[in-house]
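Residues per chain are reported as follows:
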Amino acid sequence: MRLRSSHLLGIDGMEPDEISLILETAEGFAEIGTREIKKVPTLRGKTVINFFVENSTRTRSSFELAEKRLSADALNFSASTSSFSKGETLLDTLQNLEAMSPDFIVMRHSQPGAPHFLARHANCSIVNAGDGAHEHPTQALLDAYTIRQSKGGFDGLKVTILGDILNSRVARSNVYLLTTMGAQVTVCGPPTLLPFAIERLGCRVTHEIDKALAGADVVMCLRIQRERMESGAFPSLREYAALFGVNARRFELAEKDAIVMHPGPMNRGVEITSDVADGERSVILDQVTNGVAVRMAVLYLLTGETSEAAA
Amino acid sequence: MKLLLKNGRVIDPASGLDAKRDVLIEKGKIAKIAASIAAADAKTIDCAKLVVCPGFIDMHVHFREPGQEWKETVDTGCAAAAAGGFVGVACMPNTVPVNDSRPVMELIQAAAEEQAVHVWPIGCVTKAQAGKELAEMGDMFEAGAVAFSDDGKPVYSSLVMRKALEYSKVFGVPIIDHCEDHVLVDGGVVHEGEVSTRLGLRGWPGVAEDLMVQRDILLAEYTGGTVHIAHASTARAVDFVRVGKRRKIRVTCEVTPHHLVMTDEAVLGYDTNTKMNPPLRSKTDMKALRKALADGTIDAIATDHAPHRCDEKCVEFALAPFGIIGLETAVPVCLDRLVRSGVIDLPRFVELLTTGPAGVLNLDRGTLAVGAPADITVLDTERSVTIHADAFESKSSNTPFDGWEATGTNVITIIGGRIVDDKR
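Heads up: the sequence lines are chains A and B, in that order.
Throughout the first sequence, residue numbering follows the working numbering, covering 16 to 326 in sequence.
Throughout the second sequence, residue numbering follows the working numbering, covering 642 to 1065 in sequence.
In case anyone wonders, no lab produced these hints; they're calculated from the structure.
The reader is advised that the hints may include incorrect statements.
What the hints assert, rightly or not - DEER-style ranges, computed between Cβ atoms:
id, chain 1, residue 1, chain 2, residue 2, range
1, B, 659, A, 110, 54 to 62 angstroms
2, A, 138, B, 1065, 38 to 46 angstroms
3, A, 116, B, 708, 39 to 47 angstroms
4, A, 197, B, 1023, 48 to 56 angstroms
Stated by the list, open to error - Straight-line C-alpha distance at most 35 angstroms; calculated DSBU-like pairs for lysine-lysine:
id, chain 1, residue 1, chain 2, residue 2
5, A, 166, A, 53
6, B, 794, B, 954
7, B, 924, A, 226
8, B, 684, B, 643
9, A, 61, B, 954
10, B, 794, B, 886
11, B, 928, B, 954
12, A, 83, A, 166
13, A, 173, B, 924
For each residue, glycine too, the CB sits at the ideal point set by N, CA and C.
With the hints as extra help, turn the sequences into a complete structure.
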């Protein structure tokens, strides 16, 4: 089978078979990362522009590695070095980039919907590498890959997402993906950091971390940004850690074989303590490893290829 | 020249008339209305299948002149009005510079002088629209201001609002408030609800409108001043107005066609032509607005015609300016989605665009009384149209209604006895 769209803009609206296709295809690509020569000619001659209008280290490096391992030609184009900061509109920037005939534009942008806007005007494939508080589909896919790796599947799995749900694209994409795949998702955080009517996305909501953790198979912590405290969402990082932080004692409430995840970057001692983050049930670095394979699979499948022909 | 509108269904809310009549126009005025008029020397228009109404008034438009003529001018705005069936408009003062004094007022009126469409300027409540000191309302009133508003912004200070409501009593004109507690809105760009959560866009909570509407009504009661709520968009806002009216407080309100026929679900997909302030609300809000439209709580339908050039709108959603145009879509959209679908009947619709706004602004307009200026809007309620934004008279085309099909439209606009638009 093939993906139904030539863009990856979000998880919302994706079918379970498409998600499975990406995860299965990624399995084939993961092996390449373990080889001595970590390169295949799959996307030779294809051009990818990594268009990052917001800072990113992890996601951009991961995409770049994925592109290089597939032998694509990758070009990095960031906001600070572009004419973007000189007042050029996003549409004009897109048209200039497209004039160089790329096959893909991978975009990170602070504005929700920016990749959707691009996709309406673009001829090449658009990959959303995070748009504001909206979606971060490849993060959710690599999270799903990591969960499947240790849990085998999603059906009936209890997943708890903790922290700043309001401003999190990772949370939204994960809620969409995991509920689509049959997991039971609970989100937890102070009410000031939960978006309006988040339960209508198909997840449960609680403000009590102990309840959120009880019986969880997967615990996903999200980064708490200092700016949120300054905007009045909570009184202090100290109080946040006391009420909503995951520590070893609390993590005991989860299932015995529960895993803990974090999309990074972590604030140690705030949303997660080091003993949990570095503990044996942490899969935080596996997430990073898997990110490359998942992004290879996404780029490959967006060319319209089928799973059979992979790797 | 004489003009005879023959055999039309004549609806005149001011007199309660709704019957087959002939209307004779002479020297720019309504000369006679009768079951049958013979006037061999008059140009005769067969209106047998048409509806003849007093000329429609849009009490809330933005014409962008002076200062942002690339979006709209008084000239193109008036052309859009005539094409949309409107004979007169009240234009909001958020031009550049803002219309907060007689010179700007006169500039706008000079531009409007050569227009057939009547342009009634609204002056600022406060100097520079800054919300601090009252603008020279008296001077502007003498120069032709029909109301005062800091539209686009609320009068945020309750003290300033109190003074504005008190001071404007001297002139007997309303303070029109754009009700938004902007501190609470906190950068919101779309109604706070499931849609804002799904899209990851900052929510604009309805309660931020409710608070200001309630405050304004309480202040109107306390001061005895007159407040008009611009573009009410929430269920609570119209509830408060309903209660206020029952308590004889001097409050009126308007609602836009888009808030009556669309909800925030239209924003899914990030089309910036669904971005306006106040934002498209929930289905519950839309239903409450429709109920308030039918039960008489709402005084006027007004478009909040807000032109923006397409490249200004063709950007990321949160960065796009608020606002859509409405002059050339209001009549077909409302006839189809409100009248044809049974939310309100045709006489009530006509009232909301004639005596309703005329009453709010104390305009001696909106009626077909003998001797009144012959400002007339003729409708064809059976004619099907498709809305094409690229065919608008307006300089801008920022509308969410592009491609909509509607049954019912305006076909002739007559101002001072002269046909200024004819779609037959």
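Tested hints:
Hint check: residue 659 of chain B to residue 110 of chain A, Cβ distance near 55 angstroms, so the stated range 54 to 62 angstroms holds. Hint check: residue 138 of chain A to residue 1065 of chain B, Cβ distance near 44 angstroms, so the stated range 38 to 46 angstroms holds. Our hint of 39 to 47 angstroms for residue 116 of chain A and residue 708 of chain B holds, since their Cβ atoms are close to 42 angstroms apart. Residue 197 of chain A and residue 1023 of chain B have their C-beta atoms about 52 angstroms apart, which keeps the hinted 48 to 56 angstroms range intact.
A C-alpha spacing of about 27 angstroms is found between residue 166 of chain A and residue 53 of chain A, which places the hinted pair at or below 35 angstroms, so the restraint holds. Between residue 794 of chain B and residue 954 of chain B, the direct Cα distance comes to roughly 20 angstroms. Compliance with the 35 angstroms bound is thereby established for this hinted pair. With a CA separation close to 34 angstroms, the supplied pair residue 924 of chain B and residue 226 of chain A stays within the 35 angstroms bound. The hinted pair formed by residue 684 of chain B and residue 643 of chain B meets the criterion: a straight-line CA distance of about 6 angstroms does not exceed 35 angstroms.
For the proposed pair residue 61 of chain A and residue 954 of chain B, the alpha carbon gap of about 33 angstroms is at most 35 angstroms, so the pair holds. Restraint check for residue 794 of chain B and residue 886 of chain B: the C-alpha separation of about 24 angstroms stays at or below 35 angstroms, so the hint holds. Under the criterion of a C-alpha separation no larger than 35 angstroms, the hint pairing residue 928 of chain B with residue 954 of chain B is consistent with the structure, at around 29 angstroms. As the CA atoms of residue 83 of chain A and residue 166 of chain A are separated by approximately 30 angstroms, the hinted pair is consistent with the 35 angstroms bound.
Note on residue 173 of chain A and residue 924 of chain B: the hinted pairing holds, with a Cα-Cα distance of about 33 angstroms set against a maximum of 35 angstroms.
When held up to the earlier numbered hints, the structure conflicts with none and fits them all.
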